[in-house]
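Protein sequences, first through last, are from chains U and X.
Position 89 of the first sequence, counting from 1, maps to 89 under the UniProt record's numbering, and the rest follow consecutively.
Position 156 of the second sequence, counting from 1, maps to 156 under the UniProt record's numbering, and the rest follow consecutively.
Warning: the hint list may mix true and false statements.
No copy labels: a pair is met if it fits in one copy or bridges any two.
[As the list claims (entries may be wrong)] Cut-off 30 angstroms, straight-line C-alpha distance, at most; resulting in silico cross-link-like pairs (DSS-like, lysine-lysine):
(1) Lys8 with Lys23
(2) Lys56 with Lys24
(3) Lys8 with Lys56
Treat the hints as calculated values from the structure; they're not laboratory data.
What you are looking at is a predicted structure, and each value in this text was computed from that prediction instead of being measured.
The chain contents come next:
Protein chains: 2
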Amino acid sequence: MAIEIERKFLVEGDSWRSAVASKKRIRQAYLSNGGKAGVRIRIIDEERAKLTIKSKAKAGVKALSRSEFEYQVPLEDARAMLELRRGLIIDKVRHLVPAGGGRTWEIDVFAGEHEGLVLAEIELGSADEAVTLPEWIGREVTSDPRYSNAALAQGS
Amino acid sequence: MAIEIERKFLVEGDSWRSAVASKKRIRQAYLSNGGKAGVRIRIIDEERAKLTIKSKAKAGVKALSRSEFEYQVPLEDARAMLELRRGLIIDKVRHLVPAGGGRTWEIDVFAGEHEGLVLAEIELGSADEAVTLPEWIGREVTSDPRYSNAALAQGS
Numbered sequence: 001m002a003i004e005i006e007r008k009f010l011v012e013g014d015s016w017r018s019a020v021a022s023k024k025r026i027r028q029a030y031l032s033n034g035g036k037a038g039v040r041i042r043i044i045d046e047e048r049a050k051l052t053i054k055s056k057a058k059a060g061v062k063a064l065s066r067s068e069f070e071y072q073v074p075l076e077d078a079r080a081m082l083e084l085r086r087g088l089i090i091d092k093v094r095h096l097v098p099a100g101g102g103r104t105w106e107i108d109v110f111a112g113e114h115e116g117l118v119l120a121e122i123e124l125g126s127a128d129e130a131v132t133l134p135e136w137i138g139r140e141v142t143s144d145p146r147y148s149n150a151a152l153a154q155g156s
Numbered sequence: 001m002a003i004e005i006e007r008k009f010l011v012e013g014d015s016w017r018s019a020v021a022s023k024k025r026i027r028q029a030y031l032s033n034g035g036k037a038g039v040r041i042r043i044i045d046e047e048r049a050k051l052t053i054k055s056k057a058k059a060g061v062k063a064l065s066r067s068e069f070e071y072q073v074p075l076e077d078a079r080a081m082l083e084l085r086r087g088l089i090i091d092k093v094r095h096l097v098p099a100g101g102g103r104t105w106e107i108d109v110f111a112g113e114h115e116g117l118v119l120a121e122i123e124l125g126s127a128d129e130a131v132t133l134p135e136w137i138g139r140e141v142t143s144d145p146r147y148s149n150a151a152l153a154q155g156s
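Kindly produce the complete structure, drawing on both the sequences and the hints.
Right under this line is the structure:
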């Protein structure tokens, strides 16, 4: 079990692209999203797959911390599990950009239903860790439920 | 992925106990039970744990077939995941009794919320495979939604 602390921002412009260290395609969907846990299946570069259980973020001023359990699963299983999804398949390319201090920006460029949306996330050691925001970082949406993966998967 | 065909019966009396080959304690709960899939965490003899994704049985005359994906997970993860459950923790001792023809009866003796309930299940190669029913087998409840693990977990 790991505790995950992350902040999320809208991205403005394309200047971040020159700093990309690596990228991968992600297709994912939720098998469940009610109750206390979200259950997500994710296929990476159509080569490998992961099943993830995430506790729902607690309601409150800063909904930043939650528990996460993640397991590798066979690609064939994952493809079949996508058929058991609730809501949409999210299709995006995730770009990694070094953020300094050993941190990494994950910049997700969405395709399909969410074409045009670009989000940047950074995982931190604590909710109040200082972060230097590059010029391409736009409005913070960490606490905006419309930009959660779960909400995007519902097509809302 | 495996396709699971099973029939379920109420158990009458204790005469089956002399034929028990092995038994194990099972504690389990559902993380999710809506949509097209049930997500179950199961702890066996407090020694090992499994995470299982089952597609919901199709509505129809015989709701016997469904897909199942199962993964070993760390015991510590499983115990934490029980806290993310929806509904009750099911606590039961599962007894295995040889059924002939290479098949096995699984006889679940429930504790806690369902104290007094005893169910026998048998997994078959096809929905119309013949089964010899021992004298301790009572009413068939395969298609009775009240005896599904999901319904029992809801306390209904």
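Hints and how they fare:
1. Lys8 with Lys23: within (18 angstroms within a copy, 49 angstroms between copies)
2. Lys56 with Lys24: Within one copy only: 26 angstroms inside, 32 angstroms across.
3. Lys8 with Lys56: within (16 angstroms within a copy, 35 angstroms between copies)
When each numbered hint is compared with the structure, no violation occurs for any of them.
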